[in-house]
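Asks: For the sequence shown, my numbering gives the first residue as 1, with consecutive numbering after it.
Simulated from the structure, these hints should not be mistaken for lab results.
Bear in mind the structure is a predicted one, so any value in this text is a computation, not a measurement.
Ideal Cβ positions, reconstructed from N, Cα and C, are used throughout, including at glycine.
Don't take every hint at face value.
Claimed, not checked - In silico DSS-like links for lysine-lysine, alpha-carbon gap of 27 Å or less:
no.: 1; residue 1: K438; residue 2: K407
no.: 2; residue 1: K454; residue 2: K466
no.: 3; residue 1: K231; residue 2: K357
no.: 4; residue 1: K257; residue 2: K49
no.: 5; residue 1: K466; residue 2: K357
no.: 6; residue 1: K32; residue 2: K49
no.: 7; residue 1: K336; residue 2: K391
no.: 8; residue 1: K407; residue 2: K391
no.: 9; residue 1: K358; residue 2: K336
no.: 10; residue 1: K90; residue 2: K57
no.: 11; residue 1: K358; residue 2: K391
no.: 12; residue 1: K391; residue 2: K438
no.: 13; residue 1: K231; residue 2: K13
no.: 14; residue 1: K57; residue 2: K77
no.: 15; residue 1: K32; residue 2: K57
no.: 16; residue 1: K57; residue 2: K87
no.: 17; residue 1: K13; residue 2: K32
no.: 18; residue 1: K77; residue 2: K172
no.: 19; residue 1: K49; residue 2: K77
no.: 20; residue 1: K391; residue 2: K357
no.: 21; residue 1: K195; residue 2: K251
no.: 22; residue 1: K358; residue 2: K438
no.: 23; residue 1: K184; residue 2: K77
Claimed, not checked - Simulated restraints, written as ranges between beta carbons of each label pair:
no.: 24; residue 1: E60; residue 2: G513; range: 41 to 49 Å
no.: 25; residue 1: S150; residue 2: V426; range: 44 to 52 Å
no.: 26; residue 1: E463; residue 2: R401; range: 44 to 52 Å
no.: 27; residue 1: D84; residue 2: A469; range: 25 to 33 Å
no.: 28; residue 1: A467; residue 2: T247; range: 55 to 63 Å
no.: 29; residue 1: K466; residue 2: P139; range: 55 to 63 Å
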Amino acid sequence: MILPTTKGGCMSKVYLIGAGPGDPGLLTLRAKELLETADVVVYDYLANKAFLDFCRKDAEIYYVGKKGGDHTLPQDKINDLLVDMAKAGKVVARLKGGDPFVFGRGGEEAEELIAAGCDFEVVPGVTSAVAAPAYAGIPITHRSFTSSVSFITGHEDPTKTESSLNWEAFAKSGSTLVFFMGVKNLPHITENLMKAGMPGDTPAALVRWGTTCRHRSLVATVATMPEEAQKHGFAPPSLFVVGGVATLHDKLAWYEKRALLGKGVVVTRSREQASDLTRLLGAEGACCYEFPAIEIAPLTDVAPVDAAIDSLYDNDWVVFTSANGVDCFFERIDAKGLDARAFAGIRIAAIGPATAKKLAERGLRADFIPERFVAESVVEGLLAQDVAGKKVLIPRAREARDVLPEKLAEAGCTVTVLPVYDTRPVDQDPAEIIQAVKNGEIHYVTFTSSSTVKNFFAQIPPEVLKASAVKTACIGPITAATLAEYGFTPDVNAAAYTVPALAQAVIDDARRGA
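Please model the complete structure; the sequences and the hints are all you need to start from.
Replies: As structure tokens, this is what we get:
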């Protein structure tokens, strides 16, 4: 271990972190831990931007990606940046696609850090040479085909008079060959392999954007692959795999069977709530675009909430209409030094399973959860619970439908509507979404409430969707009615008014259209 110097050298440490091949689930726990604590994050083109969600909000973020020869920052300048940041006493996370020491130039960066007297640590990552073929159903070793594998750069200059690679050794080794960054030089690579004695009918495969939602693969032979790659539009970043194991693709390609693979889905929930829907859709291969149409905002004046908590025992029922309502109400419960015991003797209703789950996390079990998760069903169910004439507290958003309190009041209840948070539109640039729609990269837009519909179309004109093949998906009749105000009939409706049901409805629709 290189110890940090205290004079003329670095006062901190640089972590050379392998980000893995692209699937966020393949990031190591150590890498996540470091991203959560680093002062500075320097990341590459092939490192998934989703990893930046793990970073501290005040972290300095630098993009230094290299794409198709276009270098945002040359390697020598990247080296200088790492040294400068470390000498400034900062903890630096250098996030590199795949593994930093597998064609990642991590060794060069480590040498520069040593020369500058800087402390560093290497955090290995899952290399795409293993992961991308695996997601395409191609094991790079298999007892029936080969017991060895070679990783080779495919970025060798084809104009060189003499190759530095031992093509004869590769062609006759019987190993699986995995070429990094080789798609542009496919004619050069395949020609050299065949000249060195490899049969032209040797199975081969290309895997582009392996393990990500943009994953694609192509199986051909060494002789036909250059033409096939051009015909099917394969471009960097792609891996070129050569060997008999490529014939297992059709049998073992598990990832490519996912219903939403390559399909873009817009998630309009608030950023605080988007993760569940994004996770469920992403698990089926969707490319999720988070475009939060609303955000949850704390109240500027919490005095009414505190007063309601002080008189909580005056109520017979507390009805929670959202998970946000639970969280925000309990923030004040916690602030006052109280816990679930404050609800002793009070009956509790939750408008749906997500809300009930939030209550359970706080130590409360809902006495009533309706079969259908809309206000009308809640009222019907509560009346069956003998709520008529009782005192009811409803902690909720400031702006919400009034059907529930109005119907309860008609039943003789004394109802107190208590705003515990605000929802407000998110001011953001819609250019990426609009362009992706026009490019045909988005296939679904999901809506989970009337407010997400209104605020989405406040930023993106309805005509943009109407001029495309994008489908709309919504979570219930109230949301659908709001969508109709903008001229849309939902293409996809959730069977139940829950996020998992909405995700499943989108997945089922994609399967039907496959």
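Asks: Does each hint hold? Answer for all of them.
Replies: Here is how each hint holds up against the structure:
1. K438 x K407: With a Cα-Cα distance of about 44 Å, the restraint between K438 and K407 is violated, given a limit of 27 Å.
2. K454 x K466: The hint holds at about 16 Å.
3. K231 x K357: It is violated: about 51 Å lies between the C-alpha atoms, which goes past 27 Å.
4. K257 x K49: Given that 27 Å is the threshold and the Cα spacing comes to 25 Å, the pair holds.
5. K466 x K357: With a Cα-Cα distance of about 37 Å, the restraint between K466 and K357 is violated, given a limit of 27 Å.
6. K32 x K49: With Cα atoms ~13 Å apart, K32 and K49 stay inside 27 Å; holds.
7. K336 x K391: holds, 23 Å
8. K407 x K391: holds, 13 Å
9. K358 x K336: Judged against 27 Å, a Cα distance of about 19 Å means the pair holds.
10. K90 x K57: With Cα atoms ~15 Å apart, K90 and K57 stay inside 27 Å; holds.
11. K358 x K391: Roughly 23 Å between the alpha carbons, so the hint for K358 and K391 holds.
12. K391 x K438: violated, 53 Å
13. K231 x K13: violated, 47 Å
14. K57 x K77: Measuring from Cα to Cα gives roughly 25 Å; hence the hint holds.
15. K32 x K57: Roughly 15 Å between the alpha carbons, so the hint for K32 and K57 holds.
16. K57 x K87: The given pair, whose Cα atoms are some 22 Å apart, holds under the 27 Å limit.
17. K13 x K32: holds, 16 Å
18. K77 x K172: This hinted pair is violated, its Cα atoms lying about 41 Å apart.
19. K49 x K77: Cα-Cα ~22 Å, so holds.
20. K391 x K357: holds, 24 Å
21. K195 x K251: Given that 27 Å is the threshold and the Cα spacing comes to 31 Å, the pair is violated.
22. K358 x K438: violated, 39 Å
23. K184 x K77: holds, 26 Å
24. E60 x G513: 41 to 49 Å: holds, 44 Å
25. S150 x V426: 44 to 52 Å: holds, 49 Å
26. E463 x R401: 44 to 52 Å: Given a distance of about 28 Å, which is not inside 44 to 52 Å, the answer is violated.
27. D84 x A469: 25 to 33 Å: Violated: the Cβ-Cβ distance is about 48 Å, outside 25 to 33 Å.
28. A467 x T247: 55 to 63 Å: Hint violated: Cβ distance 44 Å, outside 55 to 63 Å.
29. K466 x P139: 55 to 63 Å: Given a distance of about 46 Å, which is not inside 55 to 63 Å, the answer is violated.
In summary, the numbered hints that this structure violates are 1, 3, 5, 12, 13, 18, 21, 22, 26, 27, 28 and 29.
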